[in-house]
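Student: Given chain A's structure and the hints, the job is docking chain B onto it.
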Amino acid sequence: MHIVDRRLNPGGKSLVNRQRFLRRARAYVQQAVRDSLKDRSIKDLDKEGQVTIQRDAIHEPTLHRASQGGNRERVFPGNHDYMEGDRIKRPDGGQGSGSQAGQGEGNDDFQFALSREEFLGLFLDDLELPDLAKRRLIGGAVDGIRRAGYSVVGNPSNLSVPRTMQRAMSRRIALRRPKGSDLERIEDEIAEIEARAPPLPDDAVRLEALREERAHIVRRRNLIAYIDPVDLRYRRFENVPKPVAQAVMFCLMDVSGSMTEHMKDLAKRFFALLHLFLSRCYEHVEVVFIHHTDRAAEVDEQTFFYSTVTGGTLVSSALDKLLEVVKERYRPDDWNIYVAQASDGDTMQSDNGRVVSLMQNEILPMCQYVAYLEVGREEFADIETVGTMTGLWQAYAPVSEANRNFVMRKVHHRREIYPVFRELFQRKGVAERTA
Amino acid sequence: MTGKHAKAPLFTGSDWDFSLINRIYDTIEPIALKEMKLVIYPNQIEVISAEQMLDAYSSIGMPLFYKHWSFGKQFVTNEMMYRKGLRGLAYELVINSDPCINYLMQENSATMQTLVIAHAAFGHNHFFKNNYVFKQWTDAEGILDYLEFAKRYIAECEERYGQLAVERVLDAAHALMNQGVHRYPRIRPRDLKSEAAREAERQAYRDRIYDDLWRTVPVGARADAVPNEARRAALGLPQENILYFLEKTGPRLQSWQREVLRIVRLIAQYFYPQRQTKAMNEGCATYTHYRIMTALHERGWITDGAFMEFLSSHTNVVYQPTYDSGHFGGFNPYALGFGIMSDIERICLEPTAEDREWFGEIAGSGDPVEVLKDIWANYRDESFVSQFLSPHLIRQWRLFKIIDRSGESELRVDAIHDERGYRRIRRALAREYDIGRQEPDIQVVDVDLAGDRKLIVEHGVVDGVQLDPNDAAMVLQNLANLWGYEVVLKEVDAEQRKELKSHGAQPQEGWLR
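Chains A and B, in that order, are what the protein sequence lines are.
Read in the UniProt record's numbering, the first sequence has 178 at position 178, and its numbers run on one by one without any break.
Read in the UniProt record's numbering, the second sequence has 277 at position 277, and its numbers run on one by one without any break.
It should be emphasised that the hints constitute simulated quantities derived from the structure, not laboratory data.
For every residue, glycine included, the Cβ atom is placed at its ideal position computed from N, Cα and C.
One should not assume that every hint holds.
[As the list claims (entries may be wrong)] Computed, partial: chain B to chain A, Cβ under 8 Å:
1. Asn43
2. Ser49
3. Gln52
4. Ser70
5. Lys73
6. Asp324
7. Trp397
8. Lys401
9. Asp404
10. Ser409
11. Gly464
12. Asp468
Just chain A, with the same shape it has in the complex:
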């Protein structure tokens, strides 16, 4: 007998099978995810969760005997007072009293847990932001190369000569390698003594000593190399992911009195979805919240969604604020700029001209994408048709026609958010608009 410890073997053996299962059940799982989103609050949007799909979708059929019909005999344990020949009423749930083991799983739903990644992946699967490749975004993160000190091994082309010479020198000093000048000095002296026509009496002894010293120096110089392999130093490089994809998302919202809680809720969901999506596409996403009445202010998220400010409605103030922030902090060359605006469409007619010109001439050229979401009252969903246009809608309509990266939609109910979102960002939709 021998024992093998398998605990440290790589786990996740079933991962491939799990993925294949998800792929297989994809259509159903996706629908389940979409459904479960309708009832999720924004905070839970990207949590892992359970989904339920119909068992039919992933049923594995076999040829087996039906659980109904025919004559059957079965033996049960635990008789209390039945006697032979007794008649028993057939229990509910069909014939064959008691479930036929292994066949009773017929109608249940099939429930299982999705990880956060899987959940989001499915949720955002068929969506893609338009013009993603523009500017500095080249397929997400790109590996950059960075100097990272020196190493003792490396490619000859990466040899660092200064560093190598420095090491060699300190080694030569430490080991007291005789210098070239020492050798030269002794050789000069030997030559001088040898050159004397009448040699002095102690010259022979002196010459002997000098020759010995020279031999010693030469030997040492041979033993201690000028540059030894241990001196070699190479420049070391390491790969670092370079964040080339960064985006900033501007959330503009009208918080004037005409915006009800319901409308804000709709807007909030739209922003949350957009943010979720952007954070998947870009490594770094910043969010700027600007709310406005007749004046605009940059605020934090809490204030943005939950504060109540009353006042008139001046959309251009928000656009001004946006331009100001962009100028200050987000150079359009370095940032992908997305703007999402939510409003009930109530606006002062006098302001519209300025809004349109700001949007058309200044904002749109520097933005990747601008989405305008007009939120309506739930109860008006049926009454309001395209015919009844709000002031802002009327103003934006020609802008939308002229610019591919400007899109506007109207929603009334929470369940409409996701389809709208899909419609806005669907791959096909982009292709159509591009065409």
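Tutor: Same frame as chain A, now just chain B:
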């Protein structure tokens, strides 16, 4: 035999380490091999984590398996159940291979590890090695190599022909898996090792002789139709092994598709003995662990506390809920197997007059282990129940038999635990374990390969129980896709030869490439 008594218990707490497992094994081994005289494959014990146990679960307990979404489905279900706490994990898994691989979970306590070693490494192991069904049908030595081959082969097919194409064939083959076993030993068991070599050779040959010219050669005139009887005989009809029939005869399958069918078929065949011996296999293992644990306790190798822990887990395992308890889901194979085997022990040692009348040959033989070893070697569930379910047990479990006739509004109690009922109850219960009766009898009966190639499949209806219509339609569709032509499934009453119902399916366009 008394065996060696311990100076000190093997362990006191619940912690274990590898040296303790070695000592436990060394203590159990003489009890199992010398006293009970079990004959086993060499053991290999592997310690795994709970997560790895979940993984193992979802590939039918095998350490390696080809990839398929259905295993992923298994996995997500198990994972969900486990996380919710609805279901615990098995303490062990054991694989019928040579050497016999036993998985122990690291979360088990020292007592549980002892129990698991006794249960799996000796009980199941002995059963695998000695039972005739296993001997006849499985090749313990070759199974791991074969699974390795199957996994690689299917991965290669996915590379060559695309994942979806392979998945379709596997789906269809899985649907027919239960119809992919030879039930009668007409054909000798395969040496699984040579399977892999055989296939590699064929593939190399095909690659070598490949010549595109053959495609352009005109096909000659067809031979005349052969008479029906000769035609059926030539095809080996009727044939109950549908996967085998498709593999050999399917007119439109490519060679890799045949090989995939073959893989599924051989694996189904490997598991076929397990389906026939569930109660006996578990009974054998449970009886063995019970004997061994008791011996260990009597001789002081394990403490009273450990023995209590063992008993609590043992009684959970052999618990049989009654029909009206709300937990009843059929007979618990552990309870049934262990119950009958303990009863045999009683009959061997302290027979009553009734036992002598019913079990003359073994009553009072005095050596229960020898009797049981003979039973473990030569019976399967059905024959085991029909021979050894004693009146004593029928009374103890208060078994009763119900008859449910179609067309009657009430169920009838046909037999209870009395003199008149014993044999009827025993026969009925044995039938519930007869795989030949529980699974539909389905055979390929006819096809005219030279004509319209319509495949005719027959279900011999027993007791008027027909096939589940929804599933039958789906399976039939798969069968038609594999066959490539129309398929008809007739449900025919086995006794009166009257056709009750007929299903049909046409192959989907472009399913086979």
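Student: Would you mind marking each hint as holding or not holding in the structure?
Tutor: Hints and how they fare:
1. With a least beta-carbon distance of about 4 Å to chain A, the hint placing Asn43 of chain B at the interface is held under the 8 Å criterion.
2. Look at Ser49 of chain B: its Cβ gets to within about 5 Å of chain A, closer than 8 Å, so that hint holds up.
3. For Gln52 of chain B, the suggested interface contact is upheld, since its CB lies about 6 Å from the closest CB of chain A, less than 8 Å.
4. With a least beta-carbon distance of about 6 Å to chain A, the hint placing Ser70 of chain B at the interface is held under the 8 Å criterion.
5. The restraint placing Lys73 of chain B at the interface with chain A holds, with a minimum CB-CB distance near 5 Å, inside the 8 Å limit.
6. Given the 8 Å rule on beta carbons, the hint for Asp324 of chain B holds: about 6 Å separates it from the nearest Cβ of chain A.
7. Because the smallest distance between the Cβ of Trp397 of chain B and any Cβ of chain A comes to about 4 Å, under 8 Å, the interface hint for this residue holds.
8. Restraint check, Lys401 of chain B versus chain A: the minimum CB separation of about 5 Å is within 8 Å; hint holds.
9. Satisfaction of the interface hint for Asp404 of chain B is found here, the shortest Cβ-Cβ separation to chain A being roughly 4 Å, below the 8 Å cut-off.
10. Contact between Ser409 of chain B and chain A, as hinted, is supported at the beta carbon level, the nearest pair being about 7 Å apart and thus within 8 Å.
11. Taken as an interface hint, Gly464 of chain B checks out: its beta carbon lies about 4 Å from the nearest beta carbon of chain A, inside 8 Å.
12. Interface restraint check for Asp468 of chain B: the shortest CB-CB distance to chain A comes to about 4 Å, inside 8 Å, so the restraint holds.
In this structure, none of the earlier numbered hints is contradicted; all agree with it.
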